[in-house]
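Protein chains in written order, with my numbering: chain A, 1 to 669; chain B, 1 to 299.
Keep in mind that a hint or two might mislead.
Label pairs and their calculated CB-CB ranges [what the hints assert, rightly or not]:
| no. | chain 1 | residue 1 | chain 2 | residue 2 | range |
| --- | --- | --- | --- | --- | --- |
| 1 | A | L57 | B | I173 | 56 to 62 Å |
| 2 | A | L57 | B | L232 | 20 to 26 Å |
| 3 | B | R250 | A | L57 | 38 to 44 Å |
Simulated from the structure, these hints should not be mistaken for laboratory data. The structure displayed is predicted, hence computed values, not measured ones. C-beta atoms are modelled at their ideal positions from N, C-alpha and C, and glycine is treated no differently.
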Amino acid sequence: MGFLAPWFLAGAAAIGLPLWIHLLRQYRSTPHPFSSLMFFERRTQSSIKHRRLRYLLLLSLRIALLLLLALAFANPFVSRTSASVGGRKMLILAVDNSFSMRYDGHLARAKQAALSAVSNLGAGDRGQVLAIGSRVHFMTQPVEDPDALKNAIQSIQPSDERSSYGEFARALRTIAQSSRMPLEVHFASDLQKSSLPPAFSDLRLAPDTNLVYHSVADSKQPNWLVESVTAPAKIYDPKKVRVQAVIASVGADAAKRTVSLVLDGKVLESKPADVPANGRVTAEFLSLESPHGFHKAEIRIEPHDGLAEDDRFPFAIERADPHPVLFLHAAGEQRDELYYRAALESVPEAGFILEPLAVEQAANQAFSKYAFVVLSDIGTLPAGLENSLRNYVASGGSLLVALGPASAALQHVPVSNQAIQGSSYASRDGDRFQIVANADAEHPSLRRANKLDGVQFYQVIRVDPGQSRVIARLTNQVPLLLEKQVGEGRVLVFTSTFDKISNDLPLHAAFVPFVEETARYLGGQQELSTNVAVDSYVELRSAKEHSASVELIDPDGQHPLSLKEATTATSFQVSREGYYEIHRTNGRQEFVAVHADRRESDLTPVPKETLDLWRNTGRGIETSAPGEASDNQARPWSLWRYALLLVLIIAIIESVIASRYLSVEKEAA
Amino acid sequence: MLPPAPTRFIDPAMLAGISHLDLVAKTVVDGFVAGLHKSPDFGFSQEFAEYRAYTPGDDLRHVDWNVFARTERAYLKRYRGETNSQLTLMLDTSASMGYSSHRITKLDYARYLSVSLAYLANQQRDAAGVIIFDDDVRNYIRPSTRQGQFMRVAHAIEKAQLGTHTNFAKPFIHFQEFLRRRGIVVVISDFYEQPDTVINTVAPLRFRGNDLILFHVLDPQEIRPQLKEPVLLVDMETQDALEVSPEYAREEYSPKIDAHVEALKKKAAAANIDYFLLPTDRPLDEAMLEYFLVRKGRI
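Build out the structure end to end from the sequences listed, making use of the hints.
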């Protein structure tokens, strides 16, 4: 027996307290008058003596309480062999069924190794089968029937998940804690290095865990794969599409591969690629002819290798028409349009096309067909036009207002109605220009515009923000960019112009991303991820769309969501490679292409030293031979729980006895 | 003739709520009828008692001449005289009489008892007096049948104060001077003295032809102390202090006080003295009823 924290035994000195209270503390007795002491004798007794005798039990309990408490903190243990726990053990048969186990019969070999390990199930032992992916799948409850274990092993199917040894170790710790038996773990896996957690401590095993590896990895496992594909989610002009695919090799020599772009099962284009040894090569396709709508596309390399599943990389694209943007400007003023158009159309992936229009010609314009509307320093709007714009915004449209010299005389900003307080000019008397002082870098407009750093503003319109959200301010604290919600829509106010007169923004690199991201934000064309990895979450609905149903169809054509989930779930974790079809609440149909995590394609095994370290965290045996568990190895068995239990029991007894004495004292008083 | 049995008895604690002792006496005594006692002397009344042979020196007026005529022998005819008796109450007011474990002290209880007896005597037109004593005589009201005698006695009893310690010898020497006429002497005390001393001191009163009654007033706690833990007891007379354990009070004190009471009772009986133990939680009228039953109406 020993103590894991012996310095806590110093707490036993606290027993001096009850000793002082019971034995040393002066007892003060209240005199009670009595008729005559004629029949009492002075030889009788000391009250202290009687008190000592009377409270001896209480004193003993209190001393025992303190001693046990100190003992519990000192964490006593006895050395005990595993065999002393009735000789029973829990046999864990863990089979890695991650994506990498699809490699050339690895899973079949792992299952065979696990089946062989079932023979280690002794009389009285219990066994459990686990499938290791990104999560641990418990294939059985702890059972004593070897046939049940074998059936569970046979039922393990390959998955597209990425294996996580950290999750596996955590599950083992949980099992060890709940079963209170030594674990004998047989882990059949390809032992990929990429599956190790970032922190080695996450691999920690419970003390009585004996981990036995059954590696199914080959000594040489060459693998070529499509590592990544860069393609636009939406195609507006098939002639201007660029699809890039990165072909990589892991543990393989240099080789030639044919890279094909496949759309809806039809090969559109193929080209050869020379893949270097343990290197990468990029293949590029510059057109993607496709009809309108969503399409299932993939990049495929041939010939296939041992892991054929990573020789293709699925992605989804949508062919759509560009969205028109109405640019209203004052008659005769076209510089703003020039710069804005140049910026917007330099990014064809954004899918916007600018339609300029003089404000005088916009009286009967239907705004609802535009992604958003730009008012470029118009000045006073015709009353009818402003009402039309306000209705358009209130019903969900978006408006970008640029304020310039023509707006300085206005009382309010059109549509959004913020008060205009005048114009601010940089002059020779003061600062020559203003720059952005504060900016919300998380706002979509500024996310890629580097907070408009370095842009000089010579003239801005002073706008009282009121209830608006100020996204950026200049150094003189004049708001530069404001956003206001109007009805269902939003108005973004830029208090300067898009030409290079009031500022030099068009001359900066931040101009294009500013215009592009603002357009995406106002046009509702924010980037939706249609290509995700296995185990990612796909957004099904926004928080507002809480009652409508979303239909989800997995790659097998099944509906993985229940009816309740279809009406309540906001996201879904995809677990299979392939194309998921989503019918959103607004009736729109989308495809999400799911690919396996490409870290699974790196079959480099974990170094033996690391595996030994991992095994030693469970203080297991040094040999990997199955069935040679160290039953006689002494292990510390902590007793603090029992000490604490005794503390609890004694505390209850002490309370009962002390309260009894207390009531007696009250009666005597 | 026996008094009618009361239907219920009066809790001594209730008597403590009555402010005037005369009311206490009425409350207790009401229900008892007059003429309960008979004179210890043979006197000259209408109730025949016995015949006795004539001896020289007897008054010839008492000779029953009819008997002499029939038998030629001279007999004296004796009657049981209902003469007025003299009641002397001796009330101990030593400090120990002030002890109480409940609402009334032993002195209170003794006051109720003595004033009740005085009231009873007054109702029967007997002369009643009181002697208040501790270690000396503190007050003395001579027995009398004068008008207002009961109120004088009651007043003396009411204003009796707790004194110091008890000393039977000194006051009883004085009593013998006071008690020149035979009658009934009632001693009310807690008798914290050796039984021999008590009896030897009071017995001479009996020799003078007095009827002597000892009322031993004790608190229930004095008879059976109920201690839950060791306590420091202080003697109310001597101020001595002593730590006493419940075990001692239970196992040694109780037999001692029992033996003391028993010795008093035996020695009193041997000296032809009536002895009554009165715990202060006992209803006073119940105690008096028992007393009368035992005494067969004599007081």
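Evaluated hints:
At roughly 58 Å, the beta-carbon separation of A/L57 and B/I173 lies within the given 56 to 62 Å, and the hint holds. Under the hint 20 to 26 Å, the C-beta atoms of A/L57 and B/L232, about 24 Å apart, fit the expected range. With their beta carbons about 21 Å apart, B/R250 and A/L57 fall outside the hinted range of 38 to 44 Å.
Comparing the model with each earlier hint shows a violation of hint 3 alone; every other hint is respected.
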